[in-house]
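Q: The residues making up each chain are set out below.
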Amino acid sequence: MSLTPSDWLSVSGLALSAMAMVVSAMVAIWIVDKLQRSLENRQQLKDHFSKEVLVVREQYRELVRNMTGSTQTPRQIRSSFKTTGIYASDLLQLLHTQFGTPVDMLIPFQTELLGIATDCEEYNNASRHNRKFKYRKTTIAQIIEFEKSHDKLFNNILMTIYNENER
Amino acid sequence: MEFNIHRDYSEDTGIRHSKYSETSGEDFYHEKLNDIFYKCYTEGEILHLVLDGGDDGYTPSFLDESIGNLVYDFTLEVVRNLLDVVSTWEPYWLTLLENKTYPKWEKRREMGEQAKITKVHGPWYRLVNGHVEKSVWITEVSSV
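So the sequence lines, in the order shown, correspond to chains A and X.
For what it's worth, the numbering used here labels the leading residue of the first sequence as 1, then goes sequentially.
For what it's worth, the numbering used here labels the leading residue of the second sequence as 1, then goes sequentially.
None of these hints come from the bench; they were simulated from the model.
All values derive from a computational prediction rather than experimental measurement.
Misleading hints may appear alongside valid ones.
With a straight-line cut-off of 20 Å between C-alpha atoms, the simulated SDA-like cross-links for lysine to any residue are [unchecked claim]: (1) A/Lys51 / A/Leu39; (2) A/Lys82 / X/His6; (3) X/Lys119 / A/Glu121; (4) A/Lys82 / X/Asn4; (5) X/Lys119 / A/Asn125; (6) X/Lys134 / X/Gly122.
Derived list of chain X stretches under chain A, where covered just means 3 residues or more per stretch with a C-beta under 8 Å from a C-beta of chain A [claimed, not checked]: (7) 7–15; (8) 51–60; (9) 82–91.
Cβ coordinates follow ideal geometry from the N, Cα and C atoms, glycine included.
Just chain A, same shape as in the assembly:
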């Protein structure tokens, strides 16, 4: 039995429909895959940056440990703050671009903590000849108190990374 022209038209129509369905399905799979990859990449990006934030937190903790537990020269203290401050600023600039994190979230660590560390008498007295010195107990208490009350800033930064969609 041979197919009539109208049968051929029906068959080819069915074939086209089937092909269209296959193509649609492939496109859908591609889009889902793309979205999935994109979300995974976003998650990876967040995880990467959160690790960087923790690195900065550790650097500031080390700065505090060095100031409160050992002798240093004024230049060493300033230099450590500068290195960490530049690193933190670069990171915050990237976080601002990626997640809208405010760039000034670590200003207290970058300027106020340095202010406490460099405005005291023992730092002043060691400055002229850049000699090693140890902070007094009262200054150490101030530094530790500052760290305690501002450590949460790092968690606040992490929240801006992971809660980006809530803003």
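For chain A, the structure is supplied; the task is to place chain X on it using the hints.
A: Only chain X this time, still in chain A's reference frame:
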């Protein structure tokens, strides 16, 4: 005009007063900044004060004392118009100046609360009633 503190003044900057460090904010203001800013003022030129460079960082008190004195002597309005502080490495210094130094020293200027000096300085420029005058404006040396 561009002036880079690390290149054109000192690689190693100190703290607020000359009593404790040779390259203090007080010294930088009286030895360099006042004079350079005066030249920019008379020529209507912007002073680009560059903080970048060097290995050693600044102390907040060095910047507060030197730039604060400038606000005191030339008014905040003139400083805003003619001073461009460039700090791309450490942008937080710009925040410090904007939020603390500028308002604090402008208020001190309005209240007539002059800076403390810890050593004798030669005459320096100050804007008085719209005219620049050069004098030794502070004579009492403070022990701080």
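Q: Look at each hint and say if it fits the structure.
A: Now for the hints, and whether the structure bears them out:
{"no.": "1", "hint": "A/Lys51 / A/Leu39", "in the structure": "holds (18 Å)"}
{"no.": "2", "hint": "A/Lys82 / X/His6", "in the structure": "holds (14 Å)"}
{"no.": "3", "hint": "X/Lys119 / A/Glu121", "in the structure": "holds (18 Å)"}
{"no.": "4", "hint": "A/Lys82 / X/Asn4", "in the structure": "holds (17 Å)"}
{"no.": "5", "hint": "X/Lys119 / A/Asn125", "in the structure": "holds (16 Å)"}
{"no.": "6", "hint": "X/Lys134 / X/Gly122", "in the structure": "holds (10 Å)"}
{"no.": "7", "hint": "7–15", "in the structure": "holds (count 3)"}
{"no.": "8", "hint": "51–60", "in the structure": "holds (count 6)"}
{"no.": "9", "hint": "82–91", "in the structure": "holds (count 3)"}
Figure legend: structure checked against the earlier numbered hints; every hint is met.
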